[in-house]
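Chemist: Throw the hints in and build the complete structure from the sequences for me.
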Amino acid sequence: MSSADRELTYSEALHEAVRQEMSRNSDVFVFGLGVDDAKGMYGTTAGLHEEFGTERNFDTPLAEDAMTGVAIGAALAGMRPIHVHQRMDFLLLCMNQLINIAAKASYMYAGACHVPIVVRGIIGRSWGQGAQHSQALHSFFMHVPGIKVVAPTTPHDAKGCLIAAIRDDNPVIFMEHRMLYGNRGVVPENDYEVPFGQARILTSGNDVTIVGVSHMIVECLRAAHVLREAGVSAEVIDPVSLAPLDIDTIAASARKTKHLLVVDTSWTTCGTGSEILAQLVESLGEEGIPKMKRMGYAPTPCPTTRPLEDIYYPSGQTIAEAAHALVRGRDWTAPQIEAREISEFRGPF
Amino acid sequence: MSSADRELTYSEALHEAVRQEMSRNSDVFVFGLGVDDAKGMYGTTAGLHEEFGTERNFDTPLAEDAMTGVAIGAALAGMRPIHVHQRMDFLLLCMNQLINIAAKASYMYAGACHVPIVVRGIIGRSWGQGAQHSQALHSFFMHVPGIKVVAPTTPHDAKGCLIAAIRDDNPVIFMEHRMLYGNRGVVPENDYEVPFGQARILTSGNDVTIVGVSHMIVECLRAAHVLREAGVSAEVIDPVSLAPLDIDTIAASARKTKHLLVVDTSWTTCGTGSEILAQLVESLGEEGIPKMKRMGYAPTPCPTTRPLEDIYYPSGQTIAEAAHALVRGRDWTAPQIEAREISEFRGPF
Amino acid sequence: MIPGITISKSTLYVVIFWSNAPISSKNISWKLPATHRGKVAEHTDETFYRSLYRIRRVEEEIVRLYPSDRIKSPVHLSIGQESVSVGVCAALSTNDIVFGTYRGHALYLAKGGDLNSMMAELFGKRDGSARGKAGSMHLIDLGAGMMGTSAIVATTIPHAVGYALAIQMRRENRIVAVFFGDGASDEGVFHESMNFAALKKLPILFVCENNGYAIYSPVSDRMPADNFCERAESYRIPSTRVQSGKTTEIRDAAAHAAVAIRKGNGPQFLECLTARWRDHVGPDEDRIWNYRPDSELDDWIARDDVAATASRIDQARRSAIEAEVEREIADAIAFAEASPYPAMEELNEHVFR
Amino acid sequence: MIPGITISKSTLYVVIFWSNAPISSKNISWKLPATHRGKVAEHTDETFYRSLYRIRRVEEEIVRLYPSDRIKSPVHLSIGQESVSVGVCAALSTNDIVFGTYRGHALYLAKGGDLNSMMAELFGKRDGSARGKAGSMHLIDLGAGMMGTSAIVATTIPHAVGYALAIQMRRENRIVAVFFGDGASDEGVFHESMNFAALKKLPILFVCENNGYAIYSPVSDRMPADNFCERAESYRIPSTRVQSGKTTEIRDAAAHAAVAIRKGNGPQFLECLTARWRDHVGPDEDRIWNYRPDSELDDWIARDDVAATASRIDQARRSAIEAEVEREIADAIAFAEASPYPAMEELNEHVFR
Ligand SMILES: Cc1ncc(C[n+]2csc(CCOP(=O)(O)OP(=O)(O)O)c2C)c(N)n1
Ligand SMILES: Cc1ncc(C[n+]2csc(CCOP(=O)(O)OP(=O)(O)O)c2C)c(N)n1
Ligand SMILES: [Mg+2]
Ligand SMILES: [Mg+2]
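Protein sequences appear in the order of chains B, G, A and H.
97 is the number that our numbering gives to position 97 of the first sequence; each next residue is one higher, with no gaps.
Just add 1000 to the spot in the second sequence (first one is 1) and you have our numbering.
Just add 2000 to the spot in the third sequence (first one is 1) and you have our numbering.
Just add 3000 to the spot in the fourth sequence (first one is 1) and you have our numbering.
The hints are simulated quantities; they were obtained by calculation from the structure and are not laboratory data.
Remember, predicted model here, so these are calculated numbers, not experimental data.
Keep in mind that a hint or two might mislead.
Stated by the list, open to error - Distance condition first, Cα-Cα at most 30 Å in a straight line; then the derived DSS-like pairs of lysine-lysine: (1) B:K258 x G:K1258; (2) B:K291 x G:K1258; (3) G:K1291 x B:K291.
Unchecked claim - To give an idea of the chain G side of the interface with chain H (calculated C-beta under 7 Å), a few residues: (4) G1034; (5) G1040; (6) G1043; (7) G1047; (8) E1055; (9) D1065; (10) W1127; (11) P1244; (12) D1246; (13) I1247; (14) T1249; (15) P1307; (16) L1308; (17) F1349.
Heads up, the beta-carbon is just placed ideally off N, CA and C, and yes, glycines get one too.
Modeler: What follows is the structure, encoded as structure tokens:
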């Protein structure tokens, strides 16, 4: 295997990104509950304290609110902290600092200061993670000006987005989905940035545009596969970053396919899908509006029992069926497609 | 004046609602920073500790996170706490308890317990309240299943919704806008509930549907007034509650007028407007989609200086102009309309 | 070590009824609920052993079953920590209330939670305590006074305070005990909750189950000093540390605290040192991660209070207890197996009441 | 009252340079920044008076101007509390860093913040410290080491801790002082911040400006005991309470603490009793709300340290200082008046850097 097509997993890609940036810039440090333990945040922070010293990769007390403030304070002093949360749900303890301070500091002080922090939040799923360990909160941060949100899906983008996030002078919420960690993909060895605000067309198609968020992209690709066999050609788009959001790529595709399905990794109300649909209806008014639909979590908290958990989430099958209904206007039963990252998942949580 | 058209201010209406419910049900109590001080939360909690005892209207330490948990715990024990926040921005400290617990308890325990709490959050504006004292966070709560959100505009609805919120067995976020407090309106003396999920058509019209949230309704009514003079007939709708949201009334109106403008009292991205537009585009697909547009805060934190603050918010004038552009497709300069609750506001903050 | 305890001499004691607190307002007009008879059950080595052994064996069965994938729920085992729940709950009556954590099996069982419902819940079945919607991290049995737990560390602490506030407002004769880990005490909400409980003199017992670690982070990596009690005292909350892990000592300290609480003296704080024998989450041995000296755990295992309590019981009685417990557990597993999964429609139920 | 202070005998002292803390990791490879010369300015009654009088008079001018509606910004005045900021800042050098609150005028000025920028900010003008976007509650002057403040109580406390962490990581010879009210200490984040600062031995001085009230809520309605220092000590943070409100005593205590901090001994806690003479927010007298006995405030006013310091200065010098200050303030108001409002396009600037 030449180094040009070296493959890494998603978690290895994150690990490489943070190592390279820590080597490159002594202002970068990593902290959060368990980042220096034997599990090293699913490997993404493994050994960093040995390589860069315990001052640059350290565990903390359980104190999400203050630790977010500590990140902000260190950033105000010129450092580039990366604060890691094993579950994105814990960000609910950080909202005051993230929204009242981090998102506003540059504006409130008319650019006198800025807050270059990266907040990594891992979205849980499967094996009965339940209502409090499975949430994705990106729509909150998309709502508020002054904070960026990225949700890379591939190992390549995981690395490039994390490097870009670390180098960004603004607060960045970095969303990672636990079900993506084992995915493998080509990852260049050099350090590179994946720019925010540029969506990727992962498969091109003519009949329907499917936009997925984070792990849902994987399900969307599965859906595209079975749709193809059913004669529906789907264009799957990964927005990569949600704030800024590359609406132009999505709009161009939807204009072409005349059908748009947005599949979010959260509830639909006031979510990513609502935003995309609203922007399209506002901007495409003159040219005819595509048929559009949103999918996401069932409008309930997440249940733990497997049968309910399975139907709580959109799946390749339900996405394919929804896309088919949008395009063909009639019901169709898609084949079941196994999602092995889910069916075979047994931790670590 | 007969008692049938007795007028109260918005804050008097809230005060009457809470008094009546406290008399009616000994499980109801009110707490929060300053609820028992001389200002009595702009009069809405004035004297309750004298009338009902200091155990049922009490001040707290500054500890929003724990106090939200205390409300939840008391509710689990069968009480009906009302937790008051002088600014809705402080709810950012309560997100963990509100979203990880209150919104989920009924579901997680399959109905074994429930959390009848009311969280009153006052939205600030004007006189340089600035970035941290002017936010409205309803879209966060709309996003999450298990929690209700109401935003009454009139004194009548303020009273009826607060009574309904107190009697509701679920967590209710009760949004009040500081700029509404002085508004007067007819308020029946008896105790009555304004049901959630029923929008009100405040003015009927044929050319454009304008949905406003909270104080923006007042600006929408001003806009409707000048639009009428410009020959545009606007139907102004107050959703009253945002979760549940009465989409049917809005859809029926938009189907009639073929134009919809949603004016939110927050940022537009992933906001109420996004949700309404998305629901309409999904459901009205077959019948032709109205022209639709969202308005809200400028996509920035809120500046304090008056000239920028003035253009940060939608106003009667900018709403009228946007509605006009939507209907007529061309620019028009609406007359300025003074918003005296804003121009004359000098506190208390 | 626990100064001033006198009631511990007898294995039987009756809770002193909490006299109504002075009514600070003239306008109290609420209905006083029917007085609860706060009678605390009798305890002997045998009853303690039954409870300890039952919890230990339930968890060992979970370990045994886990590889079969029938429990698709993260489990945080209490093996090694049983004495804290058993000891404290021995000082409580049924209508006293407990709040706990995701590491909740021991507390649930010690407080009288139904074993069948628990097992079915772990299996994700319809007869589970939450119809399979909640899993191991969220056990509840309101009839036993076991309130729901939370997977977000420290979140139930203020709930317990709020429940105690309701008890105080209603002049009820009950108390609340809230169990949380050493890690939870790092959280700001713990301090806010202690401050408020002390300010209002609420009927609550704070039980810090100090197993020395938050996941793999020792107390020394998280606190400048190992001084939980001193912190509680800074809120004027009388505090006791029980170092031995012995059920009887824990019970005595809790009983002593409960008496003061029932008198209306306000909150008490109890720190119980203990040790987790298994991994933070899941069924594995704790040692696999090498984050602490083996000797530390060995020492706790040598002092295992389940074994120590067993050794004080006549062999025949002991076998009888064990057989009974084994039968109960086997039945519970069979019950869980037999219970159906919830119907698909249940996905959308219970979002609102 | 402040045991062990010896440096207070002279009005001049030089900060002892903080020796580099031991480097715990072998892999440190960062650039050490140019050493800051942490020289603290000399102080005499005259320099103190200049600073105290200046703050008092700036705020009195705000009171005078307020009814004219030119300051469309909520103002939280420090009248009566000047000595805390002046005393503590006298123990700091320019490159030391302070974090404060929405009640920030005194701190901003005491730390050397530019008066013209402040006044223009209050007027919402383009030459304000934040181009009119922030108002009175969010003053900033990075050149003076005055970091931005916040309208959300207690939020800047962890920022100060984070800044101190950066200083420690970079082996810089500076310290951070963070000012907050008695009310802020109710918040969980205060505890989390103290714990972390003590754990990491960070170079930070916590200054609790205890004016006895959070808005109109007295400490006794919010804490079971008035024991801020005891709480700090429970985090192993050495603490001092200064009761007198005297600038010199506060300076001495702060200087003493700063010396220990610069040595690398970790955080220190300083509680300064003081009194707010005006309403919580706005220009009015505080008494109008009748929430505390008049005598309490009268006592503080009788001991006003601005007046006391004035009385120790020769009349001619005093008049000269006052005239100078008056001129500066008049100029600042003229400056603010003359400055234009920000252009409309500025609404959309600075959201991101
Ligand atoms: C607010 C929050 N932060 C972090 C976590 C991740 N987490 C789960 S358990 C745990 C350790 C808690 O330790 P402790 O309170 O001592 O309880 P123990 O597990 O030892 O019983 C952590 C950090 C969480 N669930 N919630
Ligand atoms: C988190 C939060 N809760 C409540 C408020 C409302 N509030 C503003 S100032 C204040 C009192 C703070 O008291 P203290 O910390 O003693 O400072 P002081 O005003 O006395 O200087 C309160 C409750 C707020 N701004 N932020
Ligand atoms: Mg622990
Ligand atoms: Mg104060």
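Chemist: Against chain H, run the beta carbon of G1047 (chain G) and see if the smallest gap drops under 7 Å.
Modeler: Nearest chain H Cβ about 14 Å off; hint violated.
Chemist: With chain H as the partner, please determine if I1247 (chain G) meets the hint condition of a C-beta pair closer than 7 Å.
Modeler: 32 Å, violated
Chemist: Under 7 Å is the threshold here; is the Cβ of T1249 (chain G) close enough to any Cβ of chain H for the hint to stand?
Modeler: 34 Å, violated
Chemist: Can the restraint linking K291 (chain B) and K1258 (chain G) be considered satisfied, given a maximum Cα separation of 30 Å?
Modeler: 18 Å, holds
Chemist: Taking 30 Å as the top limit, are the C-alpha atoms of K258 (chain B) and K1258 (chain G) close enough?
Modeler: Cα-Cα ~21 Å, so holds.
Chemist: For the pair we were handed, K1291 (chain G) and K291 (chain B), check the Cα-Cα distance against 30 Å.
Modeler: Between K1291 (chain G) and K291 (chain B) the Cα gap is close to 15 Å, so the pair holds against 30 Å.
Chemist: Against chain H, with CB atoms and a cut of 7 Å, does the hint on F1349 (chain G) hold up?
Modeler: 5 Å, holds
Chemist: Hint check: is the beta carbon of D1065 (chain G) less than 7 Å from a beta carbon of chain H?
Modeler: 6 Å, holds
Chemist: Once the shortest beta carbon distance from P1244 (chain G) to chain H is found, is it less than 7 Å?
Modeler: Violated, because the Cβ-Cβ distance from P1244 (chain G) to chain H comes to roughly 31 Å (cut-off 7 Å).
Chemist: Does the closest beta carbon of chain H sit nearer than 7 Å to the beta carbon of E1055 (chain G)?
Modeler: 14 Å, violated
Chemist: Please verify that hint: W1127 (chain G), Cβ, nearest Cβ of chain H, below 7 Å or not.
Modeler: Holds, because the Cβ-Cβ distance from W1127 (chain G) to chain H comes to roughly 5 Å (cut-off 7 Å).
Chemist: Holds or violated: the hint that G1043 (chain G) contacts chain H, with Cβ atoms closer than 7 Å.
Modeler: At 14 Å from the nearest chain H Cβ, G1043 (chain G) fails the 7 Å test, so the hint is violated.
Hints 5, 6, 7, 8, 11, 12, 13 and 14, counting from the list given before, are not met by this structure.
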